[in-house]
Amino acid sequence: GKKVRLRALEKNDLAKVWEWMNDEEVMWFWAEPGNTQSLAEVEQWFAGLQEVAGYSSKQFIIEAEEGTPIGRIFYEHLDTKHQRAEVGMQIGEKEQWGRGYGTDTMIAFLEYLFNELGLHRVYLRLQSYNTRALKCYEKCGFTQEGILRHNTFTRGEYHDDLVMGILRDEFNQRHKGNVTL
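Residue numbers (full-length UniProt numbering): 1 to 181.
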């Protein structure tokens, strides 16, 4: 990206990921506030990723200009027959929220998924109350495709999840030649 660099998630990143996974405000936007985990559980999660890794799922660390890890982005459910995958992103460093890192990251990631992996469609889900992420994904060219009503139970109440998607042609029409990898 113009502001970020993506690299594969490594074992030495787990302490930082653990920090993000145990931050109530960060996890609120993942519909899992208060879902605390030990570092050992995060290490177990990482070990499990390595077992199923390969082509169907991959986690990346988002680094800001100076090489500081600020979040993670991933694809999963990669389906080569239908040329699609689900993506997710988390900017774990709260002081970096609202600075354009999410948009820059997602555009660079979509460039990789569409024009290097050859996918046709990328989709994601987010909580309806996550307005910052919604704006980010709209800027990237995602279109809202559906609502999963009362799909998430967080802080004592049900919330809708939004399903958004983007196609390779839509992405390339909007961003081709304007992406820094």
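Think of the hints as simulated: they come from the structure by calculation, not from any bench. Incorrect hints may appear among the rest.
To be verified - Distance ranges between label pairs, derived from CB positions:
1. ASP169 - ALA40: 23 to 31 Å
2. ASP160 - ARG99: 36 to 44 Å
3. LEU14 - GLU95: 31 to 39 Å
4. LEU49 - LEU117: 12 to 20 Å
5. ALA15 - GLU76: 19 to 27 Å
6. LEU6 - ASP79: 18 to 26 Å
7. ALA40 - LYS139: 21 to 29 Å
For glycine and all other residues, C-beta sits at the position ideal for the given N, C-alpha and C.
Task: Hint check, failures only - done: As far as the earlier hints go, 1, 2, 3 and 7 are violated by this structure, in ascending order.
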